[in-house]
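Trainee: Both chains are given apart, each in its own frame, so use the hints to dock them into the complex.
Below are the chains, spelled out letter by letter.
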Amino acid sequence: MIYFDNAATTGHKPPEVISAVNRALNEYSVNPGRGGYDRSVECTERIYECRKKLSDMFGANAPERVIFTANCTAAINYVLKGVCRKGDHVVTSSMEHNAVARPLYKLQRKGVEVDFAEVIFGDPDATARSFERLIRPDTRLVVCTHASNVTGEILPIEAIGRICADKGVPFLVDAAQTAGIVDIDMQRCKIDYLCIAPHKGLYAPMGTGVLIALGEIPDTLFEGGTGSLSTSYDQPKDYPERFESGTVNVPGIMGISAGVDFVRKKGIDSIYRHELGLMTYIYDRLKSIKGVVLYTERPTVGRFVPTLSFNISGMDSTTAATLLAKEGIAVRAGLHCASMAHRRLGTVDIGTVRICCSVFNNRQQADKLLNTVKNIVKFYKK
Amino acid sequence: MRKVQLVTTTATYANKAKTALRAKGIAAEVRKVQGGTAAGCLFGIVVAADDLGRVKNVLESENVRIIAEKEVQI
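Residue numbers (this note's numbering), protein chains in the order written: chain A, 1 to 382; chain B, 1001 to 1074.
If we strip away everything but chain B, and leave its shape as in the complex, we get (with noise of 0.2 Å):
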């Protein structure tokens, strides 16, 4: 299954969007991004690619603001 990682500003809006999600029972993991050294330390949530529109309308109503998307490799 392909997953995507949307990088959030912050470890903690990357815990909310995971909370949000799995209230609305889509699977979501909180994980540092890989490669993302060029701003600096980033989090964000890894959901499954099929579940992206959803998730997308679920972070958009929580106020939860994506700085990236980005394949995951591993």
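In isolation and in its complexed conformation, chain A is listed as follows (with noise of 0.2 Å):
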């Protein structure tokens, strides 16, 4: 099978990521921060190297608030509904996810009033003013994808995160998209709450994912065992044990540790060069076809993620990626859990064809993908 479907996870793991994982269900099966023999001491140390690389890694400078969630719609509901109150106003993009749009959507009939920022595609000082114009001094919070997850379009969040730091207003971002394939500093970008997906662009395994907390969460979603102060019943406030309640998923964290080392050591920048240089290699040969249609500007590095949207004219985008997967192409048709996004793009009736490139993918396997397309337009237009 060739895999197309990066944005929803990556599909091939690293072997250095697989080994982790057997490494943790052999040697690590105890549960951490719980036990007082040496393998639970051992397997808590190693987790917390994984924090400590994560905040490196992402420039929050605070091991202590990375918090492991069982996902990245999971950080992004911990932070929303642990910060959000009736008659709080929030700020979010025209773009976002269902991971956003649905808890906030929930937040809004509990009292919480919402306002979208409209993304100006390829105007990225434009999209900033619109997140500027909708903040007030009621505004608890500023939610934003970093990249859209249907066109690849890089949202500008670090003029984003310099207007909410100079108006005082948290800055939440989704980086589902983005965490291991750009560049990302929460310092520099003046970000409170980082919510990450290592299952895609740090190559870790599904069913993890990533909250850095910088700010204040007031209220948790769920309580119980922590392995600290347990004659209290009420929930510890230290971070990240506050948030992380239950066993944790070892596997999942060594795989995340992983993930991080096999990132760092090819290097951010080189991965996502060779990734959007494929993901350019492909758009310019959809665009030569006649009967395809694309959503986006040809990417460019610094404005867009290596995913794009295409669909074939004429076809519902379900078919067209049925058509590719009988030759053996993954892709994912449909609205992508982003109807905002696609309303925005007119495409809510089809949805779009979505591709993805990681790391493993290469021209050979591009050649494939488009010629495929080239047939089934050849093949469909008779």
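Please note: incorrect hints may appear among the correct ones.
As the list claims (entries may be wrong) - Computed cross-link-like contacts, DSS-like style, restricted to lysine-lysine with a CA-CA straight-line distance of at most 27 Å:
| no. | chain 1 | residue 1 | chain 2 | residue 2 |
| --- | --- | --- | --- | --- |
| 1 | B | Lys1056 | A | Lys53 |
| 2 | B | Lys1056 | A | Lys368 |
| 3 | A | Lys368 | A | Lys266 |
| 4 | B | Lys1070 | A | Lys237 |
No wet-lab data here; the hints were simulated from the structure.
Mentor: Dropping the structure here:
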């Protein structure tokens, strides 16, 4: 199978990650932060190492603020529902994934007011101004995807972060599509909460998520055992345990740790250039096929992650994806859990075919994809 | 050599303390607190009593809160 659905999860995990997960199951099938025997204490140390690596990679300078979650969606929910209360005002973008849109919709019904900043395609300054215009004195949070999971367009988080910091409003970034793919520095970008999907750009196992919370989260989503202060029925206040009740996903965390090492060794910039180079190659050739519809300008460095949407004229996106799958090519069709973005693109009725490159994709695979698209167009035009 | 355990609020902070101390060349070991059941499960770092002054300075600069100090029996 040729896998181009890397925006959902990277389809090939590096051998180092697989070994780390195996090692975790073989050597660290213990409960960290609970037992006092060597294996449990060592396991806690390995987990701390992973927190430190993530803190360093994302410029947080606070390993104790690295919280392991079930996935990026959970990380986002922890912040939105732990921070926002009835009467609060939130600003978000018009390109959000349902991971943001649905919890915000629920909060709206509980009395939180939400405004949507328009993302102006190709004009990051105008996009940042859209956010600035909507921030009010009672704005409790600004929430923004770093890059659209539909179009790959990167939002200007550094400019938005500066605006938020100037106005004293906490800033949450959904980095599901960018962490490990483009450089993110929380301090430089003034990010208070960074939500990460390590199973994508960090090549970790599925079922892992990370929240780096430099800002406070007053309330917890759920409570339980943390391995600390057990005689108190109040949830402990110290991060990260406050948000990690129950046994953590040790194999997943060991996989994240190995994934971070893998990305660091290859170099984020080198990975990004490889992936975007391949995506540009695909974009240019798709553009030359009569009958293929593209939705963005040509992907360029710093403006796009290696994700793009297209359609075959007159064909539903799911049909196109099924035909590609019959030729052994895995892509994602439909709305990508981001109907807001599709409304913006005018594709909410047909969806789009989405492709996303990882470090493991190559030119031969791209050519096979392109030839198959050409053949589908040719066959269905007859 | 006399050893002391500095009790931290969580296992994560115990590891943060150990990492910070080792970076300064101070030996430290993460250990579950013995006889700490009154407050539930607790972790801390075990250090040489002679290093205590330096250790506390490092931990203060790293914002690691020490909630108790205990003599280590074994």
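Trainee: Against each hint, give a clear statement of whether it holds in the structure.
Mentor: Taking the hints in turn, this is what the structure says about them:
1. A C-alpha spacing of about 25 Å is found between B/Lys1056 and A/Lys53, which places the hinted pair at or below 27 Å, so the restraint holds.
2. About 62 Å separates the Cα atoms of B/Lys1056 and A/Lys368, which puts this hinted pair outside 27 Å; it is violated.
3. With a C-alpha separation of about 26 Å, the suggested pairing of A/Lys368 with A/Lys266 holds against the 27 Å cut-off.
4. For the given pair, B/Lys1070 sits about 23 Å from A/Lys237 by alpha-carbon distance, which is consistent with the 27 Å threshold.
Checked against the numbered hints given earlier, this structure breaks only hint 2.
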